[in-house]
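*Asks:* Given next are the chains, with one letter for each unit.
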Amino acid sequence: MTLSHHDGRWPTSGLSYGADYNPEQWSPDVWRDDVRLMQEAGVNMVSLGIFSWGLVEIADGEFSWGWMDEIVDLLEEGGIAIDLATPTAAPPGWLLFEHPEFRPVDHDMQPHWPGARLGWCPSNLVFRSYATRIARAVAERYGDREHVVMWHVGNEFGGGNGRCYCDTSAAAFRRWLREKYGTLDALNEAWASAFWGHTYRDFEHILPPRGHDSKNPSLVLDFDRFSSDELLQHYLAERAVLKEVTPDLPVTTNFMVGAEPDVVDYARWAPHMDVVANDHYTRSPDATPQQDVAFSGDRMRSMTTDRRPWLLMEHSTSGVNWQPRNRAKDPGEMIRNSLSHIAHGADGVMFFQWRASRGGAEQFHSGMVPHAGEDTRVFREVCELGRHLRALAPVQGSRAPQGRVGILFDDEAGWAMTKGVKPNNLLPYGTLVRDWHRAFWRLNVGIDVLPPWNSFAGYEVLVVPALFLVDDDTARRVTEFAEAGGTVVVGVVSGIVDENNQVRLGGYPGAFRDLLGVWSEEVVPLQAGDRFELDNGWGGIEWTEHVRVRDAEVTARYSGGPLDGLPAITSRAVGQGGRAIYVSAAIDPASIGEFVGDLLSSDENPLPDGVELVVRDTDDERFSFVINHSLRDVRVPIAGVELLTGLAVDDILELPAGEVRVIRSSI
Amino acid sequence: MTLSHHDGRWPTSGLSYGADYNPEQWSPDVWRDDVRLMQEAGVNMVSLGIFSWGLVEIADGEFSWGWMDEIVDLLEEGGIAIDLATPTAAPPGWLLFEHPEFRPVDHDMQPHWPGARLGWCPSNLVFRSYATRIARAVAERYGDREHVVMWHVGNEFGGGNGRCYCDTSAAAFRRWLREKYGTLDALNEAWASAFWGHTYRDFEHILPPRGHDSKNPSLVLDFDRFSSDELLQHYLAERAVLKEVTPDLPVTTNFMVGAEPDVVDYARWAPHMDVVANDHYTRSPDATPQQDVAFSGDRMRSMTTDRRPWLLMEHSTSGVNWQPRNRAKDPGEMIRNSLSHIAHGADGVMFFQWRASRGGAEQFHSGMVPHAGEDTRVFREVCELGRHLRALAPVQGSRAPQGRVGILFDDEAGWAMTKGVKPNNLLPYGTLVRDWHRAFWRLNVGIDVLPPWNSFAGYEVLVVPALFLVDDDTARRVTEFAEAGGTVVVGVVSGIVDENNQVRLGGYPGAFRDLLGVWSEEVVPLQAGDRFELDNGWGGIEWTEHVRVRDAEVTARYSGGPLDGLPAITSRAVGQGGRAIYVSAAIDPASIGEFVGDLLSSDENPLPDGVELVVRDTDDERFSFVINHSLRDVRVPIAGVELLTGLAVDDILELPAGEVRVIRSSI
Amino acid sequence: MTLSHHDGRWPTSGLSYGADYNPEQWSPDVWRDDVRLMQEAGVNMVSLGIFSWGLVEIADGEFSWGWMDEIVDLLEEGGIAIDLATPTAAPPGWLLFEHPEFRPVDHDMQPHWPGARLGWCPSNLVFRSYATRIARAVAERYGDREHVVMWHVGNEFGGGNGRCYCDTSAAAFRRWLREKYGTLDALNEAWASAFWGHTYRDFEHILPPRGHDSKNPSLVLDFDRFSSDELLQHYLAERAVLKEVTPDLPVTTNFMVGAEPDVVDYARWAPHMDVVANDHYTRSPDATPQQDVAFSGDRMRSMTTDRRPWLLMEHSTSGVNWQPRNRAKDPGEMIRNSLSHIAHGADGVMFFQWRASRGGAEQFHSGMVPHAGEDTRVFREVCELGRHLRALAPVQGSRAPQGRVGILFDDEAGWAMTKGVKPNNLLPYGTLVRDWHRAFWRLNVGIDVLPPWNSFAGYEVLVVPALFLVDDDTARRVTEFAEAGGTVVVGVVSGIVDENNQVRLGGYPGAFRDLLGVWSEEVVPLQAGDRFELDNGWGGIEWTEHVRVRDAEVTARYSGGPLDGLPAITSRAVGQGGRAIYVSAAIDPASIGEFVGDLLSSDENPLPDGVELVVRDTDDERFSFVINHSLRDVRVPIAGVELLTGLAVDDILELPAGEVRVIRSSI
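These protein sequence lines are chains W, G and C, in that order.
When the letters of the first sequence are read in order and numbered with our numbering, they come out as residues 1 to 667.
When the letters of the second sequence are read in order and numbered with our numbering, they come out as residues 668 to 1334.
When the letters of the third sequence are read in order and numbered with our numbering, they come out as residues 1335 to 2001.
There could be a bad hint or two in this list.
[To be verified] Using C-beta positions, here's what the derived DEER-type ranges look like:
#1 TRP65(W) to GLY1895(C): 46 to 56 Å
#2 ALA590(W) to ARG1865(C): 19 to 29 Å
#3 PRO1762(C) to TRP322(W): 14 to 24 Å
#4 ALA1520(C) to TRP65(W): 22 to 32 Å
#5 LEU125(W) to ALA1574(C): 30 to 40 Å
[Claimed, not checked] What the simulated footprint calls covered on chain G by chain C, stretch by stretch (three residues with Cβ under 8 Å from a Cβ of chain C suffice, anywhere in the stretch; the number is not a length):
#6 861–867
#7 1048–1058
#8 1167–1173
#9 1192–1202
Bear in mind the hints are in silico, worked out from the structure with no lab data behind them.
Just so it is clear, the structure is predicted and the values come from calculations on it, not from any experiment.
We put the CB at the ideal spot given by N, CA and C, even for glycine.
Same shape as in the complex, but just chain W (with noise of 0.2 Å):
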């Protein structure tokens, strides 16, 4: 294996396939074990060192390596790279014994007793110089090492100290708040402080937004907004030593992407990174999950400007134990899961966690090795992926053309729209964000799913589903998106308030409201089990509202109820032929499907249902995903070589239920 250093070459040569390696948990017998059946499966990487902090550094800066040193020649003399990590997630017993004031406090102010992970305040300074030795020791002793190929920094930053409360978090958040307002009045006009008389006379003065009171909503949001700095700022010190020490080596963490407002502000954090990762998990009653591994990938993808590929850093193999019914994977479906990812621009899968623990906190969490050992079909399976990786090494370094479909997906808008009361307090964000993404999905249309800063440039329709809160930056980049001869479809709960949480006056959706021709005088939400009609049939519930034409085509009106007869949709021409599209009702799934029908003429002959295809070029290749989530054996018309099973295609692929296929060809 040759393996690849910071010079912009992804860590692995082809495609990376492994797992978080914990090999603490068991006896070195089974150390030598794990290489021989990682060579089995295939597997070319593995993350180590996650949760090795109280292991190596066993008292206050005396450190005992041996274990560690064992495992890195093990794995070296087994080929396998290593992605190590900074094991800053999982400080020691004896540090927090030490330091209790390290501990994060939550909203109600109660401290996060130790047991779990991430169980220091981002803004402690003390703990972050404990964190950044330890970086530091880690990466002078590892870092030159061949097999040594990306540092992961910590994992999964804010799961556990997303939000911390405590008075160091207090005080940083006021330094955070000086600097972004520079004055008290610049702070109060801000925070529309005045009502409930709040206006502050001091910073001092200041809080988190503790306790259970309704709170000002542009405090909550700078709050999260500083919440997510200050967890950056940690990656960045650690991130500022392994660059020290190793200036050639890619840095990354592992993100937590999905549909919901994140815990921390990705899309911001990603030019950080230089390879960026991500942590993805299905959840049991979704009822399409696999939509929802490709929503994660066309947002990963979008976090770079350039679109380059990125690393699944976790998945499952099968179940997890931390939902409430923890749905085992179909057969075949973490190996479609996997391929999927690839398709959307991964260069490598990986999982969490390489054998499936004996004991503690995630013992019934799934591995690559299950309980059960290699006997099963999760190994069988994981054997297989295992080939197919290695089948499509060629992949590497390809990335997705850009989509013909751009949707907004911002974190500061999910904060902003999910948090504070609101007309309707219980939409939720990731779903309206994802029933329109899935309607493009199933017409196998290629969707980016971007943050609103990026380049507008190259899309043949943007939606901007829900994004409640929109700077006006953003809101003339839009416009001038439509009038250059783009489609804006713009949906519920977007536009309304200003990049401080006020609302913009003048009628919803007010960053919009021009661009689209039409107002909304009033929001009017439904009630539990209520149900709205528009006259062409189409349906919904949670949200209407009473819509003012001043310059648009009604495509549709509401039927029946306080609304009857009153514009839902509309549309407006605008500049060069393009189009200003105004959804004011949250339409249905299936409504949303027949407007996306609509919306995109197509010539081509439509894919089975069940059948996504997603596409990654080179300069001269295109490899072409043909994945049957369907349960029936399915005809696809394409043209190429099969990557998988290394046959020609002339004209017709034969997909059987369930499986994948990658056809390379000519562009």
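Following the hints, put chains G and C in place on chain W, whose structure we already have.
*Replies:* Structure of chains G and C alone, referenced to chain W:
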């Protein structure tokens, strides 16, 4: 406009119309627009300064009145009267920063962190001194301004600090108990504290009901009483300052009266109000919000012995923000609500708030001027309501005649019933009471919802629903009412405990057993999904009783179930043509409707379904409010001059769907 | 009445009958009435003084015995035996005031505030010294009174202080761990603490599982064990004092045994009880509360190796107050419950409490004397039960013969299964166990619900339902049972972890894999609303497994779903005619019923539906309890003398709906 000072006259000439006015949220150019729009809408009074403390007392003892001076001038110029607030609901940030001990503490000893409202312990006398100082400052600066017509003390007392469990409150509670009981022996006896061995040996050992465990119900009830009293003491302290500075101005504060037990005991507060004022918000899932409006009015009016007009201090023009899904009001609904409040005795309708906020915690609460501005359904209805209220000026000062029916309502009974553990712990006090009220309300029978210490003279029927706690005097007076010829209807869960929250032994409903001539051996709650039936076809859920008859006629029996064949409803002839009826089962609203229909023989033609008729009288005139809550046009036989249209009605009023008319006639 | 002292004889001559007696709630005139009514009801023993601490130790070390002296005299005069309590469940207010550090602290470090019961930390040795002092004082004052026949130590240990997380408890936990493990290495190994890097370097770093985050499951289980042990140590400390003062008096405390994992490990406590006693309350929504009665009796009886009679220390005459909706017992139900307890091995039935309280936290809990007094269904049934129990005096001392079926039940297994994160986190231990018990119970098969360390000799069938945690010794003994010719049925979620709560590797159910000849690759939980089917028509919800057969017959297979065609139920012939059956899916009660029906071939004619038959034997006599839980009269073939009526039954017992008969016959 002629302003009235406190010689008993109403604060405005004509009905009051306006809102909370919080101009501190807006820039001065908006203020001028506000006055213009108020005039357009017919606003004649606003509540000013409720959240102004931090904006006028900018540091301890340092005042800055400029902006408020300007507002007062502008309002005076615009002819708008001012209901001026002492701003004590929202202490300044600097004060809460300097005095963290002011924070109210909940039953788990968690403080209410700053950031909302009413963040102060009602028993804290240091806070009280700050509060009375700012009240005095406001009174001295503005009390002699012509347009200042009333004092609005604080805001929604108890909304945030209704129960404080801190050590200061604990000490005050012990003082309150010493005053109430004098001796520990008396307290131990009243509390039955020997149970679980809790007998107190020292007042100092008594704590508020902190924590989650089961508590002595007598202690809990006394803590509720104490908490209401402490907040009242605070109100009275502010009131005393205001009366000292401006002896002639009326003083009030805004209640939050509905059907559920209140945060404080409003009926016991009412005598301390020069004008009794209420905040009323309908609930989104309520199937008959119009009845909730009637219910609150029937309560408000009955809180004063002279049935004098009250003031609706707050309601909403459309949706609020603090419910899970906040229904927007239907077209016309706000006007119907408003005129219904007037019909039920209000001499003014005000809103929270004048202009919907851009920012802050209530940014999505509707206002008189919506986010979308003037050209909106809401603002047009606001103006229409203003015209209606001007047309209704003659109504001012008229009073509702005493109802045929009195329904007893008591916060102490509600508190006692809904706290602690009971045979059925899921019975809602408000629903039980409103079910009875609704049945009479549908028949357009005059109803007073009165505290048990009011006189019962003059009623035809006295309903005692869910009056769990009854003292001996009330029991005696109810009995005397029946003996004097009245009809008493006792509903479930009534008369069970005495004023100490101790069970009246010898069979339920102990307080009314002799009057009713029956007693219950045992209560027999139903499980979820179960239903009982009576032999007359009625039925219901949740509650039945094993009734024994001593001296009464059985008018309905249980049919099926463990009580099959036993008495369910009984009737006893009492004294001079009186009657005492026991309804031992929680019969459903339809059954209550039939019961009430049978009870009230009426010669009058009933009104069409969904039409409410309410009257207010002067010495020689009657104002008949006819409210069409239905979706169809109706014809109502009535004659007089219609005030909103100015047209004469000869014998039949043509009343369109959703509309209201007010007929003036001689009596 | 002849009283028995502790020479192994039962505390009363004849079956015990009575209640908790809390006369401190009532005035002395009531006391005299109490004795009269007790005599009328046939009461022969009461539990006295449970909540008397604050009433006899009125200040630190200052005692006031007057009222209790009087009560003891009155009871002696009335011939009522006394089960005298050490009053340590309810410390006096002055003690808790002086020692706030006694308060137990919950997992969020919130103290249990005074006002309920058991408000003390079990590890607090200063409290223990107060508790043993009052125990000694009570023993010295009343231990030589003739009618004091038993000691009732405290009350419902753990009900309020079952888990204390305070610093005192934390220190005690560390001491307990040092004793258990000796070295940190042993602890780290047993806890798999290397996972998440939690390896301990000092016992002082170990904390109870405070807070909300995920915890190490081995630590959590040890904390459960420690908590049970600490309460047991408290019990033993009081017991030692009592035995020192009155060596001949039996000592007990009341368990709270049902089907759910208990607050403490009762089966491990039982050897320290002279008389094993239980409190049992049926649950209002339970569809078969009569089976819950049988289940608890089958557990109680099997806690002692000699199957000796136990005492029902508390149940209720009718409704309780601590459930959402508290069902009143149907006519006859209390008598059926009571005699069913006797049938299942109790030699006495007692109630909480004698007289329903007027005040205090349990004022709506039913009593032997209801609020409504003597002329009530409840009191008449109380008297009827007293007559029945006198008629059943010959039953005293007889014992249930060993059942055909043994069902394993273990609190440690239940704790391990229901805490921490699992494949399916919503599986209820009690339901899984009761579903198996119910199926055998319906067939009127004798069942013992026994701890895993009891002997299995003599059973025909051994059921292992949801025995998540199994140690090696139990696994070996279960195997030996099958090898010796017994039938073992292993249900879902059994044998998965070892005594350290670590997974047994190599396939589930690890502890029984070899015995069963099968292993599961993976567990496959179902989602809410989903259902699995087997090819024999059975089905169920929540749990299936991917089973692999090594050496067993497949008796049912999955039909449909991801496991279609795979083995679901297997059977393996073992040793000398034995059999080991694995039921890998959570089949529903109907399916279990068919399974059990197939399993137990029986020549006997089945009894009518809803009729329970339970026997107790002496050396030469059999007492057959025939309980008609149904709503119709039935005929049961049986012969002997019926004890309640005194009538001879020749061959057919005519048993009216809802009634109980007890047939005495020779064997």
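*Asks:* So which of those numbered hints doesn't the model satisfy?
*Replies:* 5 and 7
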